[in-house]
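J.: As a plain string of letters, each chain reads:
Protein chains: 4
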Amino acid sequence: MRQKGNAGLGKKLLYPPVSTNKRNGVEMAKVKIGVNGYGVIGKRVADAVALQDDMELVGISDVVADWRVKMAQRKGYTVYCSVSDPKQIETMKQAGVNVAGTLEGLLRNGALDVVVDCAPGGFGVKSKETLYDKYGAKAIFEGGEKHEIAGLSFVCQCNYNEALEKAEKGNKYCRVVSCNTTAGCRIFHALYSNFKVPKARMFLVRRATDPVKGDSKGIMNTVVPSRLPSHHAPDVKTVIHDAIPDLYSAAVMGSHTMYHFHLYDITLGQEVTREDVVNALKNEPRICFVNTKDGVMGLGAIIEISRDMGLPRGDIYTIPVWEDFITVIGKKEVLIAAACPNENNVVPENVDAIRALTRIETDWKKSLEKTDKALRVPKTLY
Amino acid sequence: MRQKGNAGLGKKLLYPPVSTNKRNGVEMAKVKIGVNGYGVIGKRVADAVALQDDMELVGISDVVADWRVKMAQRKGYTVYCSVSDPKQIETMKQAGVNVAGTLEGLLRNGALDVVVDCAPGGFGVKSKETLYDKYGAKAIFEGGEKHEIAGLSFVCQCNYNEALEKAEKGNKYCRVVSCNTTAGCRIFHALYSNFKVPKARMFLVRRATDPVKGDSKGIMNTVVPSRLPSHHAPDVKTVIHDAIPDLYSAAVMGSHTMYHFHLYDITLGQEVTREDVVNALKNEPRICFVNTKDGVMGLGAIIEISRDMGLPRGDIYTIPVWEDFITVIGKKEVLIAAACPNENNVVPENVDAIRALTRIETDWKKSLEKTDKALRVPKTLY
Amino acid sequence: MRQKGNAGLGKKLLYPPVSTNKRNGVEMAKVKIGVNGYGVIGKRVADAVALQDDMELVGISDVVADWRVKMAQRKGYTVYCSVSDPKQIETMKQAGVNVAGTLEGLLRNGALDVVVDCAPGGFGVKSKETLYDKYGAKAIFEGGEKHEIAGLSFVCQCNYNEALEKAEKGNKYCRVVSCNTTAGCRIFHALYSNFKVPKARMFLVRRATDPVKGDSKGIMNTVVPSRLPSHHAPDVKTVIHDAIPDLYSAAVMGSHTMYHFHLYDITLGQEVTREDVVNALKNEPRICFVNTKDGVMGLGAIIEISRDMGLPRGDIYTIPVWEDFITVIGKKEVLIAAACPNENNVVPENVDAIRALTRIETDWKKSLEKTDKALRVPKTLY
Amino acid sequence: MRQKGNAGLGKKLLYPPVSTNKRNGVEMAKVKIGVNGYGVIGKRVADAVALQDDMELVGISDVVADWRVKMAQRKGYTVYCSVSDPKQIETMKQAGVNVAGTLEGLLRNGALDVVVDCAPGGFGVKSKETLYDKYGAKAIFEGGEKHEIAGLSFVCQCNYNEALEKAEKGNKYCRVVSCNTTAGCRIFHALYSNFKVPKARMFLVRRATDPVKGDSKGIMNTVVPSRLPSHHAPDVKTVIHDAIPDLYSAAVMGSHTMYHFHLYDITLGQEVTREDVVNALKNEPRICFVNTKDGVMGLGAIIEISRDMGLPRGDIYTIPVWEDFITVIGKKEVLIAAACPNENNVVPENVDAIRALTRIETDWKKSLEKTDKALRVPKTLY
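Residue numbers (my numbering), protein chains in the order written: chain A, -6 to 375; chain B, -6 to 375; chain C, -6 to 375; chain D, -6 to 375.
Check before you lean on any hint, since a few could be wrong.
Note: identical chains are not told apart, hence a pair may lie in one copy or across any two.
Below, a list of computed lysine-lysine pairs in the DSSO-like style, where the Cα atoms sit at most 27 Å apart [said to hold, decoys possible]:
(1) K159 / K210
(2) K23 / K192
(3) K25 / K363
(4) K372 / K63
(5) K366 / K127
(6) K192 / K325
Read the hints as simulated data drawn from the structure, not as lab findings. What you are looking at is a predicted structure, and each value in this text was computed from that prediction instead of being measured.
Pulled out of the complex, with its shape left as it was, chain A reads as follows:
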């Protein structure tokens, strides 16, 4: 719920009030959403929900009262406390945050149709047990949680229908997978839906931490490998299941703060030309192209382009693939290099996951297009 009279930054609302949601000319009740955890993902999901005409952002909840939560309040978001601890609420109030109540209070009163749980990884399990299960609330978890928390891992263009079917049978939980898994699923979907993919290897150079966390944590002047092979390939399988029978991944952490770098070595089920692969990627939603011939030599340029797009926070939601690096070895093996905008590429997936879980939209393409229009997800970057 937006508070009246709070005009956000300056005199202008960055996000205009959501309009009435009409479907087939009939005015529909909006799905009521709460976002629990107002961090890197949570604040973006909150903004994204607020932009949808079939959703209403009832409020956000958190446990602290630093600049982040103060900005939420300034934007006009109603702030709740994630925990039902009076001391915590009092602490937040004394720090200057107008706490409207607790997440549990919202759930008890049936004020929320769906909670999007964007708390740090691992917290979701506890909230599921103590809150969502207890009050019978639908909930969406993020990639920091394990697949088992929901039994359903989601990437819109891969398995929206699976989510719909499970929801019909009473499933109340959905897990939006991590940024890396989401990016991999989009790339893989472009290829296995066109050519079959019997085998694939993915290699990731992960960013070390988020820019805002760089003030207190990170890694320095190093490369740190994950356990080999990494968990990314198994995580992709929670979404695409058996679409790629022989799938492995390796990952290292690099000494940078924004955007993961991905390299794919994919063996296709049929012979292709380079043009076939280019077209498959070009036609896939939420993938876009960059080129070194346009001066896009690394992540730095992509991030600058992202900022120049003018979207909030420089978010682009889509996966930039280096078009001029797409390489076909022999006739069936493809090399692809991509950037993964780790802060935001899962944001539209959360919006779609809400629609699938609540079944307010039963056509995945319509949901995807509606989300992309509302968020202004770009088809091309420049």
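Go by the hints and put chains B, C and D onto chain A.
T.: Then chains B, C and D, alone, in the frame of chain A:
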């Protein structure tokens, strides 16, 4: 000039068409502006000019046709070639840029009232000689050029009147000083205009290069000092002249890409309380406060806040000062720590410099307020 | 104690067996030393002690059994467990370390004359209470502990005599101050012992974490200020007491892993020429010069020079000052830029502190020279 | 030639004078070596040559006189000017370097049997034409030059015999391949010599620049891909020829300064157990193991271990492979993660290349062992 039918990103214009400029109810001709050099500063100045109701962005000029210039075109800006070399123009056209002509052509035709020269440091001298002098055009230079190029170095709140007076006498050139000098002038102005400042030392930890340039240049895992003492104090004096008789600076380059860090050690001309200093800074335009108690521990948090503000590219234009670090030693010495948003804090200064140079506004406060309103320069960050 | 038959790396002992210690032709018993905590400082102190002919390294103690401790063992150092917990000892043994006993066992048996406590900051307090006090052992603490732990903070050239005097009165504890404080004390001593220093300001750009810790912690692409003013000036005063009446410091953490950068703004008690200052610094022990005209532009070059010196780990122990940056403002104010080799500049201080605390050498210059000869502390870098 | 009376650092020679070279009891003339270019590789090759009892370092040549060359002189190396330009020689002399003559003079007088050309990439071609060809000198080039410069690319354990055979036929040139290619060749040799390797993919996260160059260049907070596929696989083929028929590589530059990171995805020609692969790597020269269970989590720990080894500059020459990351997928595919000590792993190769090119040793294993003993190349790291 905005091209018709070019709707920018998606279907929405990020920057709506400028409205008619009325002063005292009288419709005024807008000042016609060209921006030469569409890099980190140029692209921001172009956007800022396009937002002013008393200015018209005729076009931008550059010499390359990479993603940057393609984005300019996509925004609806008319693109010119900075040089009058047919080969260069042809190269740009073949790369997909619709080159409308040359900067020299614009000047020859009297299409520009003012050129804002945002070409890399040192190019300005040549352009001044071969273009601006030749065609009698007014020009604004950036801090990469020396004071002598214009004989007038500018920070709005310090010496708008000096610029007005010189313009009245026929001066056609103005230099907007560097981000560091601009930040220093704002901080110093807050203090010398209130308490006198007989002596000051400033120490800077500069960012090494811009994020977009980080793909190909920079420094790594080091600190690199400038010659000691650094040029910053003498540069501040080109703006504030003798306001601080004993002024020196030292600077190092740090291994980071965004925002300079500034530390000031200022001896005041009178005894003060800490509150006096806080108030002086609070009342100074284009300075704002951050606090460690709100979780703002370093540049990372300030940059994240900047992005969360929702302004284009995460620009904030104002100088964040750590309020809870303001320290008074004894009764006359003050320590101040500040961040300098190096990509954008000079942007509003360019807008004001245009007004001073063309004398379309003769009250510095009105210009400053008009600029800040158009750019949505925030008074507070969160 | 060096174990027989363990020849260190390859077939060569990196550090040859210590020879008999003769003073005035009389063979003296060597001071028996244990080093508790084998981290960045501890491993260096152990090596340094092993090189002194008036000291015997009885062993090192730690609580883990990773590659660090395995290297200690391979060097021939006897390894003890810092804690008297049988489980911990068993864990270390199972990881392949031949644990010879416990630190407490050594103390109980009077096997140690001095413990150099190089455990992480804060652990010293507990060890003092439960071990050193209990067994009446002399102990040296590092700069991570507070002054109060020993009541004596030490930098050889500043207050060796104070340490001697307190030792004579029964004092058993000494704190070698941090790398930054040590560097500051050396610089300040050069100046206050020659010219008096009524006022000084020091500004530090600290390294964020040690290279080896960069795999798991650090900061990224940022500058993070310490509380303003920083604790460094008060810490310097624990060593130099009232030598500089008006002394303040400020510090930030930079995004690099090796060597702090220091800037000093020092007001002298008398008029000087630049040559006076250069000579004062040139004649001061454990300070050396670098020059930008020799291509030493930043910390990177100094670190490379350090490595090229061929000393173990690239340690140089001395404070590089940029000679061509030494600047005299007016006649009494001096600007100095220096690098602080944070991993190793306190190492010789530990050796000297042992001598002062045990009074085996009562002339500070002789101790300093003896240490510097044994460690090959360079007078010049290139 | 070592200059008499120049005692290097302090009073101790870091590298003791080379002893007489006896082979089979017969005193042999030593091969006379000049090193052209005293940078990151050149200074290490010079030191390595000076340690061999069958070689004599006649001198080093360079074109500048900064701290690097001053340290060479201080070490006792005779310094020559790389070019025969009197002005350049004068400049070096005035900067304080005692220039003994020119590289051309040495060649003209037949003072050198072999020049090791460690000048920056690309300079070798010119020197070959104007100096080595002209004076009929044997020369070794580094990996910055193309294969064609020598027609022979060299890694000791892969093709020493090829170098011997070509030398017998009069070949005078040899190219020691880059650090990355050298590392790849060692890893691949371990596998193809044991199991055959029909197919392999290698992925590299390169360091961006050398630490010493980090003061003025580098990349910042980014990942920058090379053209895809990268040149590394073709370069490996210049050494191992058709040993791996299907070989491709991809590379990115990471935001760190030391050690490349390598990931190998290798398909073997026969079924293997993990133990087979571990043993093959364990038995391969110039490869060693690290383990995460010993706390070696990333490049930072390996670099710290390297420093702790006590070898000059922290050089280790060998390729650290994460033993506990070695993974067999199915029965024939192997994943391997390794670090590449880019500053020094080619140094022993240069020594071996001299022996092969001059045929003073015709058994590759004897050369390798002799080199490794002289350089103290470690078999294990801790």
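J.: Provide an ascending list of the numbers of those earlier hints which the structure does not satisfy.
T.: Hints 1, 2 and 5 contradicted; others consistent.
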